[in-house]
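Respectively, the protein sequence lines represent chains A and B. In terms of my numbering, the first sequence has 699 at position 290, counting the first letter as 1, and numbering is strictly consecutive. In terms of my numbering, the second sequence has 211 at position 213, counting the first letter as 1, and numbering is strictly consecutive.
Calculated directly from the structure, the hints in this document are not laboratory data. Note that beta-carbon positions come from the ideal geometry of N, C-alpha and C, so glycine has one too.
Restricting the straight-line Cα-Cα distance to at most 30 Å, the calculated cross-link-like pairs of lysine-lysine (DSS-like) are: (1) A:K490 x B:K114; (2) A:K460 x B:K201; (3) B:K201 x A:K842; (4) A:K664 x A:K564; (5) B:K203 x B:K244; (6) A:K490 x B:K203; (7) B:K203 x A:K459; (8) A:K848 x B:K151; (9) A:K459 x A:K502; (10) B:K151 x A:K809; (11) A:K515 x A:K490; (12) B:K119 x A:K795; (13) B:K110 x A:K770; (14) A:K440 x A:K488; (15) A:K705 x B:K119; (16) B:K110 x B:K201; (17) A:K705 x B:K114; (18) A:K435 x A:K687; (19) A:K440 x B:K114; (20) A:K829 x A:K770; (21) A:K441 x A:K690; (22) A:K502 x B:K203; (23) A:K441 x B:K203; (24) A:K460 x B:K209; (25) A:K687 x A:K455; (26) A:K455 x B:K203; (27) B:K203 x A:K469.
Computed far set for chain B versus chain A, every beta-carbon distance over 12 Å: (28) D34; (29) N42; (30) M187; (31) S241; (32) Y242; (33) K244; (34) E258.
Where chain A lies over chain B, by a calculated footprint (3+ residues, C-beta under 8 Å): (35) 106 to 118; (36) 130 to 141.
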Amino acid sequence: MNLRTFDHGIHPSYSKELTQNKKIEKAILPKKVVIPLQQHIGAPCKPLIKKGDAVEEGQKIGEATTFVTAPVHSSISGKVKDIERLPYPGGGKVLSVIIEGDGAIKEWSNSTDIGLSLGMYTPEALRTIIKEAGIVGMGGAAFPTHVKISPPKDKKIDAFILNGCECEPYLTSDHRLMVEESEKIVWGMKTLMKAVGIENGYIGIEDNKPDAIEAVDRITKDSNIKVVVLETKYPQGAEKMLIKAILNRKVPVGKLPMDVGVVVNNVGTAYAVYEAIKYNKPLIERIVTVSGNGVKEPKNLRVRVGTSFEDVLNQCGGITMDGEREVLNGGPMMGISQTTLEVPVVKGTSGITVLSGEEIKPGKVDPCIRCGGCVEVCPVNLMPYKLGDLGRLYRLDEFKAWGGLTCIECGCCSYTCPSKRPLLQWIRVGKVKVREKEKL
Amino acid sequence: MTGNIVIISIVSMGAIGAVLSFFLAYADKKLKVQEDPRIEALLNILPNTNCGGCGMAGCRVFAEALIQGNASVAGCVAGGQAVADNIAKYLGVESAQTNRIVAVVLCRGGDKETVKSAVYKGEATCVAANLTGGEKACTYSCIGYGDCVEACKFDAMTMNDNGLPVVFYDACVGCGACARACPRNIIEMHPIEHKLFNYCRNKDKGAIARKVCSVSCIACSLCVKDCTVEGGIEMIDNLAVVSYDKCPQDDQPTKRCPTECIRFGEEEKMTKDAYYASLPKKAV
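Isolated chain A (complex conformation) (with noise of 0.2 Å):
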């Protein structure tokens, strides 16, 4: 079977069949959460709330202060403990708001339900919702939604793409989203084609989900909805090498998926998208794939936005190893490593991955052979050899002038490496040392 994909790339373990057909489970109500007011790309949020002020379950308690940002809100109801600086899964410290829960829960399908038409709302008031609601990109990078759908005028866009390729090993968050909830996701999607004023709608799936493409398939099959099923590979869900597998068109350098027509969606976004307008829920909870050699039982479990990994984890078993091991907010090719379990699930956690043993052994560094391996399974067509050279030595004018700031940091190349250089973290070098040199 010819399938479409996009050229280059890797077949990584995916290791997913720890976890894809375990049902979603709902995790225990936190006692206490710690939410970050900087969960996405973008300005920082305000706080609203200040140490002891009571909040409620889905209480807006950081306001967006720019466009691109989004709002966060209380996943719990309870006691405002603190605000302070702590650290954050994707790195560093961020101003986070502590709050202690007393244990109430919102029921939020007993609130207004407006049904499930959508003929009532204006493009505008959708954008407005989804802003309100503090919906960001789940896949990872948690862009701000409401700006991915709100393209400048001149831009014509004519097609929309829901990702649900999930291609990063272990995680199968929105795999199960896809199985279980199909029909919420199709109706979020069709809430943000809505927004965006497009017809033309494509769901990317890879072809090692057959249940997902099957659900999903028998909700769209007399709409302008598309499935289209791709084949597995490593990164197929990156933005830009989903719109050259779907519609074969090249996001040029430095542009963005509107510039060439396109807006790209998770399926996680869609069906937060889903709870938003249906429920008037803003996004407080998300799924969370649990896996990896490192724990007992791994699950997917729907997380409140703020629960410590500690928290999580518990939940499925703990941890099974005493000795060395990585704990990964995300999966093993694109998560960030974490070196302290207090840090709290945010919106753009789509799973944790503990990995020990034999899995996290480092290899060791041998010369590069010249096998050209990396550039052959680069998908933004570099040469990754050079670039880790050139930013480990702080060559950083040529750095550029190969293209290092283009990297999209899937990994691909280190994965490959058989001198198993770290070719990625030489090239993020090289990368934080332009930035750096930029600013002066």
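Guided by the hints, dock chain B onto chain A, whose structure is given.
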């Protein structure tokens, strides 16, 4: 027959060589680039380390700037007063007072003092380790892979057995290469008159800072109260900050510091000889 070939090649190669050498000799005279001879003379005076401490791309650029009058005769930090005097003498201008500047490492949280929260196995440079946070629980501390030592061209730094960089007070010329190399900005350049420093950059609240490191500034404000001049030391972002134009340089504020992070005259103790003499002698 073979002898013939040898002779022919010697003669022909010699002839070609002679013609080309005349051409080169002519070109050398005719196409000579006239350069200001003062640049060469100044380069002989300058240290020629190209350290960048003057803020220019190298010693030659600095020499050109001197001749054009765009640089101060005291601009060469690596050369110090002697070079400034020599430059002034050569250019026939008045010499200026150089300010001796040295690098100060504002972190004393080495391997012994800090809490480790992770194991780092990636590329062993500070810049690379800083992408993920390094091994230490303190997010402001020295990472300890020695990017600063690597950057120092004057052999004025080394990593000690506690995993912290040591600046040799007598060898440091103040070019600032180490401060630029540090991804966490814990190395600062200070005039030699500054003697009182808070050797901590942790901006977290005291309780958190104390948990990750035994020599961290816990923002107790005792030094602020003990400073003999009002406002000489201020508490900014949970960190005691010495304002050098106000605070008298004495050891008064250091006396009650519970973590001994604010210290006086620390730098002066460490010279190159003193450091190497303090190392344990190796058994032969």
